[in-house]
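Given the structure of chain A, go ahead and fit chain B onto it with the hints provided.
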Amino acid sequence: MSTSQAIYAGWMEIPNSAVEEQARRRAEDVALAALVDRYAAALYRVAYSVLRNPADAEDAVQETFLRVVRHRDTLNEVRDHRVWLIRIVWNIVLDRKRRAKTRPETDDVAELARVLPSTGLSAEELAAAAQHHAHVLACVEKLPQKEREVLTLSAFEELSSVEIAEVLGITESSVRSRLFRARNLIAGLLDHARSSK
Amino acid sequence: MTTNHHNPSSFGPESAEETLRIVASLPAPQGLEYRIHAALGSAPRRARVLPWPTALKPQSNWMRTAAAAAIVFVVAGGGWGVYRRVEQNRPAKVIVLPPRIGASGGFSAAGAVRTPQTISGPAAPQVSQVRDGKKPTAKAGAKAAQKSSVTSQVAGRK
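Protein chains in written order, with the working numbering: chain A, 1 to 197; chain B, 1001 to 1158.
If we strip away everything but chain B, and leave its shape as in the complex, we get:
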């Protein structure tokens, strides 16, 4: 290494490179490697995956059969449990349904009855008297009506 690094009068790119070279060649602190080893030793290790024992390898046939049986057991047991729960005599829940809405769309007439306006009908003549206990015939009725109209005409003239 050149030794002009302590000559402040030397200016130029060489001087800059010399300074950088001095900085780059500074010794590492004592025990650096030891501290790094310690840090690596205390660093968390990556998880190891333990292999399956041979007898319990997932690829073996009887293991597959056992797994299938376990699945069947769980499914059947679950179904049976549900069945048992449903079978118990529990009082049925009564759900009150709201009254059905009719074709009127929920509106009612509130008891109102429509009465059509009609012309008053012809008044039937009243039989004034029944003579001799005889029932008045149609002829007699017509005569009486004629007589009453004549009487009313006379009264009108008067």
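Only chain A is shown next, with the shape it has when bound in the complex:
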């Protein structure tokens, strides 16, 4: 049935190009599955840090990979898959957040207490920590968008300033200056909150 040149299926000859196409598709599927296994968790964390809602974050990760499937032809041209994927999920979550225009769910102290790691903490300490984090996150939300984005991405230990610049589409020096401004602003906001207490 099969020859070295082409495959014959019944009366129809399947030419070499079709066989190559099938093989290429299979290889792309394998590569895509590897990307999912390797980067899904990281993408989820990026999505969660913006949306602060587990279901929305998971939806955003799924949408990211569906977009990758749609543009699978360009998969081989991508230099750094990790940064590329983070950039896609970043755009998706920003778009979703803009559309929803709701406060992140994790600003709710009870929800924060549920999701935060609770190892070695009593219930009282955990509640206090949750309250503190909720307050800090509320202050972060008050930052200007550009500074907030840089500060949020800088929290990911696996992202360097060069990679943050690549995700946001800006220069590395802009990342540094925005991060500096963000730190000053957040310090001011937290000081103001402490003095007003």
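Where hints are given, some of them may not hold.
Calculated cross-link-like contacts (lysine to aspartate or glutamate; reagent style DMTMM-like; alpha-carbon spacing at most 20 angstroms) [as the list claims (entries may be wrong)]:
#1 A/K142 <-> B/E1014
#2 A/K97 <-> A/D59
#3 A/K142 <-> A/D95
#4 B/K1057 <-> A/E147
#5 A/K146 <-> B/E1014
#6 A/K97 <-> A/E172
#7 A/K146 <-> A/E172
Simulated from the structure, these hints should not be mistaken for lab results.
This is chain B only, laid out in the frame that chain A set:
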């Protein structure tokens, strides 16, 4: 990771970054990869274009000839069909044309005849009597006219 995240008294940019770091390092839910694989599996695939069989490749000569013949057949068949339809003896449609509009622009005289106003013409004298069966001559006529005018003058004097 530092562990001051549960110390509410620590305020400052480090505290904010620490909070963000905790949020950024939260573990992904169980089975996330599996669910994504399932979603990708059920996603609609892009349509594949099947290649033409070798014998039916559009580039082959006999395929082109067959296509040309098919076009000729369709065109000729269509023409013949039209011809057949026209050939049938159908009663010709009579179309009543509207009367032509003349130079008068559609207005008529409604039967009116223009009669020019003229001065009444000279009245011819009447011959009173024919004597002896003779036809009155021009001379006799003049005499009679003279006589009648004299008579009328006399009558006027009276």
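Quickly compare the C-alpha distance for A/K142 and A/D95 to 20 angstroms and report which way the hint goes.
holds (18 angstroms)
Holds or violated: A/K97 with A/E172, Cα cutoff 20 angstroms?
Cα-Cα ~25 angstroms, so violated.
Proposed proximity, B/E1014 with A/K146 (alpha carbon, max 20 angstroms):
Holds, because 19 angstroms separates the two Cα atoms, which is no more than 20 angstroms.
Need the status of pair A/K142, B/E1014: alpha-carbon distance at most 20 angstroms?
Distance of about 17 angstroms is within 20 angstroms: holds.
Given the proposed pairing of B/K1057 with A/E147, does the C-alpha separation stay at or below 20 angstroms?
Roughly 60 angstroms between the alpha carbons, so the hint for B/K1057 and A/E147 is violated.
Holds or violated: are the alpha carbons of A/K146 and A/E172 at most 20 angstroms from each other?
Given that 20 angstroms is the threshold and the Cα spacing comes to 14 angstroms, the pair holds.
Does A/K97 pair with A/D59 here, judged by a C-alpha cut-off of 20 angstroms?
Between A/K97 and A/D59 the Cα gap is close to 13 angstroms, so the pair holds against 20 angstroms.
Violated hints, listed in ascending order, are 4 and 6; each of the other numbered hints is respected by the structure.
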